[in-house]
Amino acid sequence: MKGAMDFLFEIGCEEIPAGMLPGAVKELQAILEKYLKTSNLLLEAPVETLGAPRRLAASCASIRERQPDEVRELTGPPKSVAYDAAGKPTRAAESFAQKVGIPVAKLTMVTTPKGEYLSAKQVIKGKPATEILEDFLPRAVAEITWPRSMYWTGADGLRFIRPIRWVVALLGGKPLKFTLGDAKAGNSTAGHRFLGKSKIPVTSAKDYVQKLRANFVLVKAEDRRKKIDAELGKLAAGKGLRIHADAHLLDLVTYLNEFPSAIMGGFDPAYLELPDEILLTVMRGHQKYFGLEKKNGSLAPHFLAVINLDKDRAGLIRAGHERVLRARFADARFFWETDQKCRLADYLPKLAAVTYQAKLGSYGEKVERVRALARWLAEQWFASGIPQASVGAADRAAELAKCDLVTDMVREFTELQGVVGGLYAKAQGEPEEVAWAVYDQYKPAGLDDPIPRNLTGQALALADKMDSLVGCFAVGLVPSGSSDPFALRRAAMGIVKVLVESKLPVSLSMMIAKSARTLESSPRKIQVSPEVEKQVLDFLLDRARFVLKERGGLAYDEINAGLAAGADDLVDAVRRIEAVKAIRKTKNFEPLAISFKRIRKILDKAGPEAGWKLPAVRAELFTEDAELDLYQRAAEVAKEADRQKRDSRYREALQKIAGLRPEVDKFFEEVMVMAEEEDVRKNRLTLLAGLLAEFSTIADFSEIVAAESGK
Amino acid sequence: MDPITQMTQNLKHNIKNPPKGPTFQNLILQLQKYWGDRGCVIQQPYDVEVGAGTMHPETFLRVLGPKPYRVAYVQPSRRPADGRYGENPNRLFKHHQLQVILKPAPADVQDLYLQSLAAIGLRLADHDVRFEEDNWESPTLGAWGIGWQVLLDGLEITQFTYFQQSGGIDLDPVPVELTYGLDRICAYLQGVDSVYDVRWSDDRSYGDVRLLEEQEFSAYNFEYADPVVTRKLFELHEKEATQLLDVYKGQGDTRDPRFPLLAAYDHCLKCSHLFNLLDSRGVISTTERAQLIGRVRQIACRTASGFLAQQEQAASQGETTTETTGASR
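In order, the protein sequences belong to chains A and B.
Here the numbering used here is used: the first residue of the first sequence is 15, the next is one more, and so on.
Here the numbering used here is used: the first residue of the second sequence is 107, the next is one more, and so on.
Please keep in mind that the hints were generated in silico from the structure rather than gathered at the bench.
All residues carry an ideal CB built from backbone N, CA and C; glycine is no exception.
Do not rely on the hints blindly, as some may be mistaken.
[As the list claims (entries may be wrong)] Pairwise CB distance ranges, derived in the manner of DEER restraints:
#: 1; chain 1: A; residue 1: Glu236; chain 2: B; residue 2: Ala225; range: 36 to 42 Å
#: 2; chain 1: B; residue 1: Gln136; chain 2: A; residue 2: Lys325; range: 25 to 31 Å
#: 3; chain 1: A; residue 1: Ser312; chain 2: B; residue 2: Gly142; range: 50 to 56 Å
#: 4; chain 1: A; residue 1: Pro445; chain 2: B; residue 2: Lys345; range: 55 to 61 Å
Throw the hints in and build the complete structure from the sequences for me.
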């Protein structure tokens, strides 16, 4: 490309936290691309950004040498003001000329709808790219956002994630002139900390990537990931083992090393007595090791570590990692044994000293409330024909649920709360149902996490989350913006997911009310107003919309249509929403939805029902065939749809209703609703109101956003 | 066996199988030599109980204000809750930190640090040494910084921190703090799994020197310390520190240049240690915990800002003196 120059930029930095690198790489790209576009410097090729622990880099193959000149047409005063009767320029014309920097004689006229105006063509000379980039790059670097930045050259110096130690900035192979902090831009990068050279001159983006590779830095994340993947796979296969999959860990080690290599280590098989969950947490959490599994899924006494070197030359690295792991496992075994010198339930009294939240009291108090709510859920389910629902199991699971919070194991491995309680419960002979319920109580942890595996676990998870939600809302801890310290959004999402995926019948408003009464009758007597209950319900429905959209692949308007027709039983609501989705593509549905919207508008316009609603439609007042047809047909459809609805055959019912379209269309073609005669008008309005009410119990059609009208 | 025979036997054994890595005391000497050669004052441990080398006035107070400073020292650090009666091979009530402060932080500080590892016998290309994100914060001192933990083949060996604030005061210039965990580094270098098997000197083990202390203080910290007395002591030290700081404040512009802020700080350290002791006795609830930390922090922050004012006062008087001398010449 003519006039296109190659651009290379590297911020050489002390080790950037691995978790922040991918975001920063993306952000740098967006910042550069946006600015290069607005300053008209970017020709065609996109900006590519790269990142490794000691560097953030960007390259682009087509930067203009200079900005194109820009011609701007400026309009001055009208001709009548600019020239006097004799055709001589007035002061107004002269001051305009001065402003735009062009002699009066060179000004031109432009004709606009408002008349003739004085006009000037101003040519704005494009600046050279060098000048623009030298001014812009330091600002671009400051624009990258970090969770917690630092300064290093003094309190008013540049802020960045870690000190910047070198900068490469080349345009067309020539270094740009600017500084970042106290580092001057130049053409020299640095290789791997221990294996590469510390000063490497580079000439272009291509040269940069190649020279770094020669100096043991894989600057492209994809290259590092491939190398890790290949080496992990090879080592595992060599022992006939399988890697315990961990995408998050793979991401982490990809951004933690400049030249990653995998090594294998082993540990004493005696440690395999400890539960896999604990072994894996120790390996993954603290040491960032991958666990290895045998064919049958159980753990093998080996691990894979990713190191930031080409190889373990002297075998010292493997020995070192094994030694550290040995100490960690010894700790874990110590916790496993000492924690179980007493039974899980014996920890219960200690929960009185652990605060859940100042106004909501201790975990001991929370446990009592959760027990009550979990029992209530099990009772409800049993009563509605689910014989496996056990009040006793739900109560026991809730009683044991929080005991592990005061064990040494959970103090050391916080992320294992629940899991540890479940493992101890199982090891101590609690029924499987109870042990798994404790184990799963914090599930689902996210949108893609499964819900608790059994009914008791589902009761416990619902009860625990609902108590947090209602309790926190009652004492004013409502999430706002990004602040949600008690993770209430996640709790609400969890409630929705458990209900929708378990398909258990629960009335949301009743569960909220039960939780509220439990808080009120607790020793702390926490008052929950009806407004708070409503607030919780709205909060839950808001999360429900989100979950259904993200997980269920349902559209917002379908969800709104379904929820507007009743949301207290989410499982039922989902069935209705799915029915809407299934038939929305059929030919009658959306046109009918548009008609329903029209009906709603007409009724809204007609004012309060009291002013027009008749006790019943009076057939004798019909004057047109179309209204009688609609009336009769609707009655038939209603009868049938109702029967299907009662069998939860929502799809058929909706199809039936959609079949009303010809009659509805005809009605609107031939009938003037707002007739002059009062009786006739009221009768028509009553007919429409009945129609709307009758057919909105599955979904509120007026919420549907028809395709042609856009969203 | 008499000591002479014992030593001779050790010597014979050592000639056949040269022991791996430096002794604990030689490790300290090597690091002190290394940092002494790089312009550090080699200080001694502070003689009041502290939980970390950062609490030594040579760090906490010296990092304040504009004066450059370099210092290194060993600091035995007491963490009552970490005691394990000498039964855990890695966890100690009292461990040893080698603390280095370089103010301002030089641009090549990571390299300087890595060369110190070479100085204690590590060939860097044979090991996986990495800097992993770990920001340091001490709520009791109103201090925090940005940095990493340095991992040696998966073992945390050093906390590496660019200080941003101390005693609630923004730091300028920015000092860097390197805190080596001497006990575990030494165990690693000697290739032993238990810290108690570390050779402290040629013929004495870490266990010989320290085991009894670990046992007795674990017992004291977890069982024998009287919570009522401990709380009372906390309050007394707090009272004395507050009293001093109030007098200092009352002196306003006429303050005594020798005002004992360092004594106020000693009482602050006592409070911090007594708080840790109460914590290990398990007599502090979550809410009280935050409250007590806040009380210690308040003393620490008041001391820090007083110290800074005192330094500024001394500096401006220093300038006046120089000017006077200049004029009289």
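### Query
Does 50 to 56 Å hold as the CB distance between A/Ser312 and B/Gly142, or does it fail?
holds, 54 Å
#### Entry: Supplied distance hint 25 to 31 Å, evaluated on CB atoms of B/Gln136 and A/Lys325
Distance hint for B/Gln136, A/Lys325 holds at roughly 28 Å.
### Task
Just tell me: holds or violated, for the beta carbon distance of A/Pro445 and B/Lys345 against 55 to 61 Å?
Because 56 Å falls inside the window, the suggested range holds.
### Task
Just tell me: holds or violated, for the beta carbon distance of A/Glu236 and B/Ala225 against 36 to 42 Å?
Between A/Glu236 and B/Ala225, where Cβ atoms are some 38 Å apart, the hint holds.
Hint check: no violations occur; every hint is consistent with the structure.
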